[in-house]
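In order, the protein sequences belong to chains A and B.
For the first sequence, the working numbering gives the first residue as 1, with consecutive numbering after it.
For the second sequence, the working numbering gives the first residue as 1, with consecutive numbering after it.
These are calculated hints, taken from the structure and not from any lab test.
Treat the hints loosely; a few may be bogus.
Straight-line C-alpha distance at most 20 Å; calculated SDA-like pairs for lysine to any residue [what the hints assert, rightly or not]:
#1 A:Lys117 / A:Pro130
#2 B:Lys313 / A:Tyr309
#3 A:Lys207 / A:Glu221
#4 B:Lys113 / A:Ile113
#5 B:Lys225 / A:Asp322
#6 A:Lys360 / B:Thr324
#7 B:Lys154 / B:Glu191
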Amino acid sequence: MASFFDLKARRAGAANGAASNGGKQTNENTRVQPWVEKYRPKTLSDVTAQDHTITVLERTLQASNLPHMLFYGPPGTGKTSTILALAKELYGPELMKSRVLELNASDERGISIVREKVKDFARMQLTNPPAGYKSKYPCPPFKIIILDEADSMTQDAQSALRRTMETYSKITRFCLICNYVTRIIDPLASRCSKFRFKSLDQGNAKKRLEDIAKLEDVGLEEGAIDALIQCSEGDLRKAITYLQSAARLVGAGNTKTSTGDGDDDETGMDVDKKLVSVKIVQDIAGVIPDDSIQKLVQAMRPTSGGETYQGIAKVVEEMVADGWSAGQAMTQLYQAVVYDEKIPDVKKNKIVMIFSEIDKRLVDGADEHLSILDLALRISGILTAK
Amino acid sequence: MALIVDKHRPRSLDALTYHDELSERLRSLAQSGDFPHLLVYGPSGAGKKTRIVATLKELYGPGVEKIKIDARVFQTSSNRKLEFTIVSSVYHLEITPSDVGNYDRVVVQDLLKEVAQTQQVDQSARQKFKVVVINEADHLTRDAQAALRRTMEKYSPNLRLILLANSTANIIAPIRSRTLLVRVAAPSHQEICEVLAGVAKKEGWPVVKGLHERIARDSGRNLRKALMAYETVHAQNEKVTDTTPIPPPDWEGLIGLMARQILEEHTPARILQVRSMLYELLSHLIPATTILKTLTFKLIPQIDDALKPEVIKWSAFYEHRIKTGTKVIFHLEAFVAKFMRILEMYLMSMDM
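For reference, chain A alone in the conformation it holds in the complex (with noise of 0.2 Å):
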């Protein structure tokens, strides 16, 4: 306790536990880094898969100019990647954080910071790159803000940025990223030159989890990746979490960390590598079993006695209750009954407009057992009319 009040005694202690944790920390750091994250594309040439939109990005790499962008496409496509490893890229590191300024959805937005904070962002005059630096990075004479999630900005702030985005467009570029184009006002989409980043195809995305499980060590059973990529529907991201919590669960990667440090307590945790199997990754994506699916169709299709509530209402109770959200109920029965061909086209036309009924119910939060035991009875309904 006498210690603590002496300050260069403390001083010391400090320095000692710095200079004895100091090696290691850069290593841990990395190890509990989320793989999203720690495999992040550094470089343009990394970025999977939207070769149109890095073809162009390149080129304006090498002649230094820059038009105001708007990004989007579907969630994990690589659209923030791709504007960090373009920023990376021109400025290198000493120079981004002067240069570039980042803004999300969890920075406050509203019509005042775009007032206040990018508009003084935007009119800062540039400081020149220290000697020698600019043969090492390009450097070019403007800054870059990205707006992310630009989507979830009021109408008033998009507005607020119009003007702004003309009269400092010498030393300033701006670089919006959304999910939906639509909610970005025209005035501003018409200011920007668009990408559209498409979803990941198969083989794309199969390489790069590829890549990652063999860096990573990880184990994969035949068939594991065409899972990982069926059950992310293109989602990059979504893919690399899953494999990521299904290397976990195997107990894969392990091995290395415990060796890594040996004062956690991980040493016991050794484990025989086991394989990242198909069940285990939709076990993780949440998708229903196949079975609880074709239960739930079979007690749709029209039986004999021409009663099928019971039936249905088991089946849904239990789904219900087994904690399967509706959203993925939907989607999956959705599969089944459209791609099955035993029932006629006029009859799916009628389907259909259920299904788009109840996913706009569930968005709206209504209750998920009535929605699903709706959908079901009246999809039966149509089923069993003549």
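Since the structure of chain A is already known, use the hints to place chain B on it.
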């Protein structure tokens, strides 16, 4: 004296009785050192919270159980002051942002950033990060969820989130893709019976198999409800046997009565009577969705099979209206009126 629900709540992962595979998974996550963000979902009374608390204990040791309650004041951009309670220990925070309604975004932004930007000072702490448990995550507004997105990535060295929700339908896709989904299924009847038997042993009550099974069936696979019912039975009766009646909660009894009245007579006068009951339920803060759902499932067994899909259809329809509308009583009454009409029409067509 604590309720048996709390008294016999399992405190550690070892003590959890069902979903062994899930408990094992949580344990391996807690021990692996790189704990992910979690989104725990499942029906109520399935044991989501219990599992999370047990996982936290596994992560940090018994220190998590020393909790204190703070009241914090937040200021919105329009200078309104919000009172907000936080349950916290040295290692974790527990918040229910939906308490502050539409202003939950402010809380999420301010609080999480504050937590995320402070590092764990205690060198001896087991984990470098703090955990923030967010209750009722499915009631978070879109804005608040959007605010979570980047925070989750940017501050991941200092912060882990555990979101608790009843369903994932209202959670936006970007959040879902950043978290590990953990599904907690409701316990099966068998499992509820086992828990009840275990509690009976601890309390020194006789194990009555038949009663346990009936409670399990009545509870709709909701363990909390089952335990409450079990305690009520024991509080009301000195000796319990297989046939001891299980008293339903008052509100459920009232809804049952309402269902009987609706079936008896289909007149405007009866709707008026029903309305007074609906008002009484609402004034006791029974959620409108619960009323509608219970009423529907009480009515369903009493009517003809041919009518059932129709009734469910309207029930789902008005439930949706309740969620999007503002005055719940309108929609509840509309459902009652609709039901009477459907039934009356059906009976008339039978007569002819």
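Ascending list of hint numbers which this structure does not respect | 1 and 7
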